[in-house]
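Sequence lines, in order, name chains A, B and C. Taking the working numbering, the leading residue of the first sequence gets 742, the next gets one more, and so forth. Taking the working numbering, the leading residue of the second sequence gets 124, the next gets one more, and so forth. Taking the working numbering, the leading residue of the third sequence gets 3, the next gets one more, and so forth.
Quick caveat, the hints were computed from the structure, so don't treat them as lab data. Do not rely on the hints blindly, as some may be mistaken.
[What the hints assert, rightly or not] Have a look at the derived ranges for each label pair, beta carbon to beta carbon: (1) C:S233 / B:P286: 46 to 56 Å; (2) A:P1370 / C:A69: 50 to 60 Å; (3) A:F1348 / C:G292: 42 to 52 Å.
[What the hints assert, rightly or not] Simulated pairs of lysine to aspartate or glutamate, EDC-like, Cα-Cα distance not exceeding 16 Å: (4) C:K183 / A:D998; (5) B:K296 / B:D276; (6) C:K183 / C:E225; (7) A:K1372 / A:E1318; (8) A:K1101 / C:E66; (9) A:K1101 / C:E225; (10) A:K1101 / C:E75; (11) C:K232 / C:E135; (12) B:K144 / B:E297; (13) C:K138 / C:E66; (14) C:K232 / C:E113; (15) B:K289 / B:E189.
[To be verified] Residues of chain C placed beyond 12 Å of chain B at every Cβ, according to the derived structure: (16) D162; (17) V163; (18) T251.
Beta carbons: idealized from backbone N, C-alpha and C, even for Gly.
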Amino acid sequence: MITTKVATETQLTEEELRKALQLERIWQEPRGFVGWFKAVHHTTIGMRYVVTAFIFFLLAGLLAGAMRLQLAFPEAHFLSNDKYNQFFTMHGSTMMFLFAVPMMFEALSVYLVPLMVGTRNIAFPRLNAYSYYLYVFGGIMFYVAFLCNTGADRGWFAYVPLSGPDYGVGKRADFWAQLITFTEVSALAVAVEIIVTVFRLRAPGMSLNRIPIFVWGQVIVAFMVIFALPGVVLSSTMLLLDRTCGTQFFNPSVGGDVLLYQHLFWWFGHPEVYLIFIPGTAVVSTIVTTFSRRHIFGYLVLVLSLVSTGFIAFGLWVHHMFATGIPQIAESYFTGASMMIAIPTGVQIFCWIATMATGKVVLRTPMWWAIGFFFVFVMGGLTGMFLASVPTDLQVHDTYFVVAHFHYVLIGGAVFPLFGAIFYWFPKVTGRMLSEPLGQLSFWLFFIGFNVTFFPMHLVGLRGMPRRVYTYEPGMGWTLLNQIESSGYILLFLSVSILLWNVYRSLRRGRIAGPNPWHAGTLEWATTSPPPHYNFLHLPTVNGREALWDAAPNQPVVVGLSEDSRQILTTRSLDAEPDGREELPSPSIWPFLAALATTAAFIGSIFTPWGITIGSVPVAITMIGWFWPKKQAADRRRAREIWQND
Amino acid sequence: MKARISCAMLAAALLCATGCKREQRVFDPGSSQDQIANANAQNEIHAGVQWAPGPPSSPSGARYDESAYAVAEGKRLFQAFNCVGCHQYGGGGIGPALMDAQWIYGSHPAEIYADIVQGRPNGMPSFSGKIPDYQVWELVAYVRSLSGQLRADVAPARSDHMPVTKAEQARPKEHPSDETQQKRQP
Amino acid sequence: MMILAVPGFPGNQTSLNPVGPGASHIEFEFSLIFWITCAVYCIVLLGLVIAVARRRHSLETIPEPLATNEPTERLTRRSVTAAVAVTVVLLFIMLIGSFQTGRALGDMNQEDALPIEIYGHQWWWEVRYPNNEAYKIVETANEIHVPVGVPIRFSGTSRDVIHSFWAPNVSGKRDLLPGYKAEFVWQVDQPGRWRGQCAEYCGLQHAHMSFEIVAETKEQFAEWLSNQAKSSVQPSTPQATRGQQVFMTHACVLCHSIRGTSAGSRNGPDLTHLASRATIAAGTLPNTVGNLGGWILNAQSIKPGCRMPPNQLSGSELQDLLAYLETLK
């Protein structure tokens, strides 16, 4: 009998070889130039997400370098005030909309979740491709606008009335608002795919209490995306309508409200940072498990903490608005919730430390990044206490103290885990190991550089330096701290450069990784590195929380699925008992064409309200092409359904 | 990959064509052509007579028409200098309407410039020496937007005041009688 | 400006040098949170470092995952539960402290506070001291004199976009939102000049939108206020008279008012007592003749994008104008 353990062996029998070739024929991605645009496999799209999001990270990092150069000297003239305003807005918007959520949620979940739950592809593969194209077109639009002096310049949250029709001159704020439209559709699409994949396509035996914590984190984020994104959809759409169609949503003189914008935005904006942070915790849980060589301590409370973080995150948003004059009693609820969310986060921290304290800690580069996460994120979370309390928030809000806080939680909570994830999963994705010495070097440079850059910001904020200022006066006592911060950037730049060099070099000359170089327990390590397009030669079944560690000696695999079509197994939501088969679509050009049509409609609507009306026609045509039923696939589905109804 | 790059370049070209000029922000265009305070040298222009002013005396007159920032500044100045007191938001009152196709002294930008700087009979004050040159050109650009002469992406959007009429970007383009003559001149 | 030294941050524009009850209450809460979070950080990270240091192994020696041991798991469960319990207790302490501080700040709200109105503009602060008798109303800009030890009720709004009124030595910030009337009570107990700065991004010159709260004795304040309520004196020297003519015939009158003359525009700051102010351009420059001259000639080179246009004046016109403006004490 074929078992999961056997499935990780690299020697294949005759029968298995034939099966592998057949599966490859069915599941392969199309080749050639046009074929590139037809790809639908989750690892292909996932890699594109990773690379694109990382490029945006680098772009935003370069913008930050220019900002730090401008702020290194009082009354400097490196960047004009107009350019600086564009730079800090582009930096923030890129990091939040084009890097953080697309990387931490979309890229990581699209690539890893189907592998971790043991299926052949993500649910709704063409939607997945569409979401990627929308994302990248939105990003390109944003940067092309930036190169034409039309870069957004109203801050990454673009409060009205500054971004409104009267004070937001030109088209800059329109491009910003439309960027949100692109990225929100993309994120919502991926959220739907992840939820369906996790609830319907898990390997048999992977009941809810055996789902890897990484997958739990991503599915909770997916639910949060669905509830949070509508807030910013509304606020950005209302802003666009005010700016292009003369609506009065935010016009106080006729009953509109500038605070309405803030409420709608931050209803999204606060959960947004948890969309970024929860995948970070999911990665840390995975790395800590593997590198402590034991099952994670407190699986149940960890999952419950993630769920409660997801809920409580929706109750915090007013803490971004404490200075606006909202009545004290209302603000006090948000103080309570903002402090309360530290409890599930604290539970997670204690469980991870407990895992390490009762396991055997292996200090390789991914683990170093996880340890760095502790140092940085916990500091950021604790400075959040100053912001949760209304009186102290009134002193540090909109100063560099807040800039320090959110960089500590975002870089600590997302970038450190992300770099850990890169070192951890690079062997799986490429089949080669990254260099360990270079990895340690880039870690230490980053850790030191990060603290040199961002720790002084706490101090300079307490010394009165507000945010979003393109310069400052010489006698304020801020100069030395700003210069320290700017020199820290150099270390960060070096660190990321070394990381990139490490990746480049290892792609060519890295040590070959086997299927499971870290001896980890989750299912993605049960297949070859890199995974084939059919993911698993034999679809696995699961016997415990860590599929490979808890596998029985004769752990069965799934047999009986058709090898002539893209057939996958569907299982029940709670206990993952098999309950049917589904066929996933083959590669198609329609998602790309639909994304082009949608892009044209969105960009057109920046310039004229008719853009949506006229633009919806090509979108409709491409959607019709996309959903047009194919006879053979319909026949196969009918045959499947007859069998399932027997 | 190639298609992506060429798409991006096409988009860039389109955006550059409109974006670069539209988003220009010049804060200090130099006041080299400021008029003398209280100077009152009127030219021979009369009501209803077609005047051939030649190219605008400030070649930058054309540029202001294409810069959203300049037009927005013109809008701000239109309120700050109390043009609204007589002309309202284009509908006129004490002064003539500015949003229709009737231009007593011509609709050419240089003619509007002359109206503001020199003043006109029946109540239009002379602002020479009071408003710097570049701000007069900004006002000229804004006044032209009141009758829909500017591109929709350059003209201002709705104000944050009580609305009295459509935003300038949504106004239909009026056709003054001297329009064809202007087309022949730069 | 004063040099700031660590720790304790004595100095201007810092929340850690409170000069009034508002900032003092906040500083107390700040210290409470600071010490608690400091302790938590050190303990947690120490725990991590100890765990990692004591349990280090290499991957090659432990290829198979460890089995869990029930007594250890039980002990670990208890430790984690205890840690969470301590966390909850500490959070409650900070929470109660936060509510107490908020209540103390709210208690500062007095009926008989001195009213001052603040209007945020892009990029300066309009200050108005209301009075039931119209001739005693004072309008000035960017420099707010207050008597020491007296509660001040600030009220205000923004005339354009969102600004934030913040003088950290005195109290926490308050956003000025168009369409909303903000009301808040501050008090300064220590005389001096306490700098504040706009703390909500408001456009091109957000970085140069500062103000000063000048706290002085009640007598000095009363004297200042009555002087500010007076109209400007007529110029007595020929040069100043010529300067007034320059003011009236150039662009100045379209934006600025000087009570006692026919200049009455409210677009820009009221200049009736310009010479009594210590800074110009919303705290950007000290108010000296040289700076004022440079500002008038080309404000855009100092504060690009601000509302003040460059003015072309001949040398003598400028000198006359400056002479006149210097008389506006």
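Hint by hint, which ones does this structure get wrong, listed from lowest number up? Of the numbered hints given earlier, those the structure breaks are 1, 6, 7, 9, 12, 13, 14, 15, 16, 17, 18, listed in rising order.
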